[in-house]
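Enquirer: Chains D and H: place on chain C using the hints.
Next come the chains, spelled out residue by residue.
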Amino acid sequence: MVSVIATSLDWGGLIVFAITGALVASRKQMDIVGFSLLAAATGIGGGTFRDLALGLTPVFWVRQPAYLLVCVGVALAVFFTAHIPQSRYRILLWLDAIGMAVFAVTGAQIALAAGVSPTIAIAMGVATATFGGVIRDVLGGESPVILSHEIYVTAALLGACVYVFLISAGVAEAPAAIVGFGAAFLLRAAAMRYGWSLPRYRPRPGRAFDLSSKDRHRGGPG
Amino acid sequence: MVSVIATSLDWGGLIVFAITGALVASRKQMDIVGFSLLAAATGIGGGTFRDLALGLTPVFWVRQPAYLLVCVGVALAVFFTAHIPQSRYRILLWLDAIGMAVFAVTGAQIALAAGVSPTIAIAMGVATATFGGVIRDVLGGESPVILSHEIYVTAALLGACVYVFLISAGVAEAPAAIVGFGAAFLLRAAAMRYGWSLPRYRPRPGRAFDLSSKDRHRGGPG
Amino acid sequence: MVSVIATSLDWGGLIVFAITGALVASRKQMDIVGFSLLAAATGIGGGTFRDLALGLTPVFWVRQPAYLLVCVGVALAVFFTAHIPQSRYRILLWLDAIGMAVFAVTGAQIALAAGVSPTIAIAMGVATATFGGVIRDVLGGESPVILSHEIYVTAALLGACVYVFLISAGVAEAPAAIVGFGAAFLLRAAAMRYGWSLPRYRPRPGRAFDLSSKDRHRGGPG
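Protein chains in written order, with the working numbering: chain C, 311 to 532; chain D, 311 to 532; chain H, 311 to 532.
Where hints are given, some of them may not hold.
Which copy? The list can't say, so a pair holds if one copy fits it or any two copies do.
What the hints assert, rightly or not - Calculated cross-link-like contacts (lysine to any residue; reagent style SDA-like; alpha-carbon spacing at most 25 Å):
#  : residue 1 : residue 2
1  : Lys338    : Val444
2  : Lys338    : Arg512
3  : Lys338    : Gly451
4  : Lys338    : Trp506
5  : Lys338    : Ala482
6  : Lys338    : Leu508
7  : Lys338    : Val380
8  : Lys338    : Ile401
9  : Lys338    : Tyr504
10 : Lys338    : Pro375
11 : Lys338    : Leu379
12 : Lys338    : Ala479
13 : Lys338    : Ala500
14 : Lys338    : Val382
15 : Lys338    : Ala316
16 : Lys338    : Ala387
17 : Lys338    : Val481
18 : Lys338    : Pro509
19 : Lys338    : Gly450
20 : Lys338    : Pro485
These are calculated hints, taken from the structure and not from any lab test.
If we strip away everything but chain C, and leave its shape as in the complex, we get (with noise of 0.2 Å):
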């Protein structure tokens, strides 16, 4: 049972987040090869970086090449079927949003399976759940979404901690995990939806200066 939902939380994310690779190239035009490229390395983009950093090599998709033919599945799909015009932007960002959460959750479910400690777990659910998107719109050419004015990291961060916290407290893997999931996604959502974030820095008075290459010599203070 929870291998079954943890399973199916895992390819859910992975293929959303192909999906979502997938429209970026059909918004840049590219060749099937280049639907291929994008929905890979956003679909398997984070847990690649998590597991380098925790030590499970071979990465998860030389383990197990159905993930990456997914994700080529995926690229075929989009590219002979994504003519829903207009809206594609907005499915592409409430997809990312499944994506995020999904993968905030088993990422730090994968991390405290190595015997990492709880910070470490939660780090871990943040990097699987943005580091994707933020490839994706790199390659793509795209203003990274992890730098939206909408919370977005902060949802990661929430869905990673709510899932290690129960699991901590002896909850059950299923629950834990459904728990975190929707705690990132509604966060996201009601983000997305509202317009919600955090403060953010302010500049003040006198902070403004030239960023030239000759501001580099100057001697004095600006």
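Expert: Chains D and H alone, transformed into the frame defined by chain C:
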């Protein structure tokens, strides 16, 4: 005999990729250290990713520092001799095609030797062939050759597939490597010469929409 | 005694690099989570690459979560106190110079302890010293300090070379580390102060040409 060919290909690919890195540095008028950095990142970047993902650590250039030293030597040579004007960008593209074709084969070769499945060996061939150039273009501020409209990644994919298929079919190492290299190089060369590209995803009417941040807040379909 | 100095340098380098990451976040008016991400990426990015390439996994901050927590603490401190106007970019450059000089030495130190050759130890010093800053500048959308016209990577190279040479010559750990740090920091400081740079590759007449995509199709010399 086999290992002579494999070793020659390996060093040849490293050297031509290092040259392309140094040529990008020359276009950016970097200093000698910048030349060395770009030459090394291009020459060893793809193989570093391959070794990390496969768990072959320490990575190859840590085990054999000569790889790094050759990149630095190439950088020095280009720094003091790269005066051939005008045609430099075309030279860069042709050398890049050779390096790509070589690394598509040797990347797959090393992955197979590490015991992975054919699917992963092909993926490693593609990754080894393309990542060095991506790093070069990102560091040098160039438009990534991987996203060029002419066939590029597809050529690496073809070379890796041909090599892995021939090895699986019992063909000896040397002919398999040479045929794989030839397939990748000739496809890329034809694509550059005749402007070949795969069919691209085509936008449909009504698909265009504004990507400014206010789009992210819209409630209804844009 | 030795380990006190090594540990102090190590934490000192982490803290100043984390501060520079948080300062870039303040320039971009990020929220507290953005501050933490940039501080952590800058503080631990170089060492993460070093550990991965050397096969020292799990990487250092997975083994010792305190590194990550200190970066987050630094981010919080900067978020609530970084009101000193105007001179912030110059502070950033000077702190960056300290962090670079520290990590050039500690990167080489850890590599030597892992049993690699002097060449690789020097390369690891340079990589550890420069990669964190590259990640910071890429994530923060700044022009990479590594590509600044004043000497930068060369200073890291000098520090790592001096340290490795002194250790090879039988000098004790502590003085070797201090002299290596001093060499890297003073060279970078002088370069910033007086605008020093290495001779750069100079374009020759007739070298300039158009880089638009149609260039890629030209048959003859441009």
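Enquirer: Hint by hint, say whether it matches the structure.
Expert: Hint-by-hint comparison with the structure:
{"no.": "1", "hint": "Lys338 with Val444", "in the structure": "both (16 Å within a copy, 17 Å between copies)"}
{"no.": "2", "hint": "Lys338 with Arg512", "in the structure": "between (34 Å within a copy, 10 Å between copies)"}
{"no.": "3", "hint": "Lys338 with Gly451", "in the structure": "both (9 Å within a copy, 19 Å between copies)"}
{"no.": "4", "hint": "Lys338 with Trp506", "in the structure": "between (29 Å within a copy, 18 Å between copies)"}
{"no.": "5", "hint": "Lys338 with Ala482", "in the structure": "neither (43 Å within a copy, 41 Å between copies)"}
{"no.": "6", "hint": "Lys338 with Leu508", "in the structure": "between (31 Å within a copy, 14 Å between copies)"}
{"no.": "7", "hint": "Lys338 with Val380", "in the structure": "within (22 Å within a copy, 37 Å between copies)"}
{"no.": "8", "hint": "Lys338 with Ile401", "in the structure": "within (16 Å within a copy, 28 Å between copies)"}
{"no.": "9", "hint": "Lys338 with Tyr504", "in the structure": "between (28 Å within a copy, 23 Å between copies)"}
{"no.": "10", "hint": "Lys338 with Pro375", "in the structure": "neither (27 Å within a copy, 40 Å between copies)"}
{"no.": "11", "hint": "Lys338 with Leu379", "in the structure": "within (22 Å within a copy, 39 Å between copies)"}
{"no.": "12", "hint": "Lys338 with Ala479", "in the structure": "neither (46 Å within a copy, 38 Å between copies)"}
{"no.": "13", "hint": "Lys338 with Ala500", "in the structure": "between (29 Å within a copy, 24 Å between copies)"}
{"no.": "14", "hint": "Lys338 with Val382", "in the structure": "within (18 Å within a copy, 36 Å between copies)"}
{"no.": "15", "hint": "Lys338 with Ala316", "in the structure": "neither (33 Å within a copy, 38 Å between copies)"}
{"no.": "16", "hint": "Lys338 with Ala387", "in the structure": "within (17 Å within a copy, 38 Å between copies)"}
{"no.": "17", "hint": "Lys338 with Val481", "in the structure": "neither (44 Å within a copy, 40 Å between copies)"}
{"no.": "18", "hint": "Lys338 with Pro509", "in the structure": "between (33 Å within a copy, 13 Å between copies)"}
{"no.": "19", "hint": "Lys338 with Gly450", "in the structure": "both (7 Å within a copy, 22 Å between copies)"}
{"no.": "20", "hint": "Lys338 with Pro485", "in the structure": "neither (40 Å within a copy, 38 Å between copies)"}
This entry does not satisfy hints 5, 10, 12, 15, 17, 20, going by the numbered hints stated previously.
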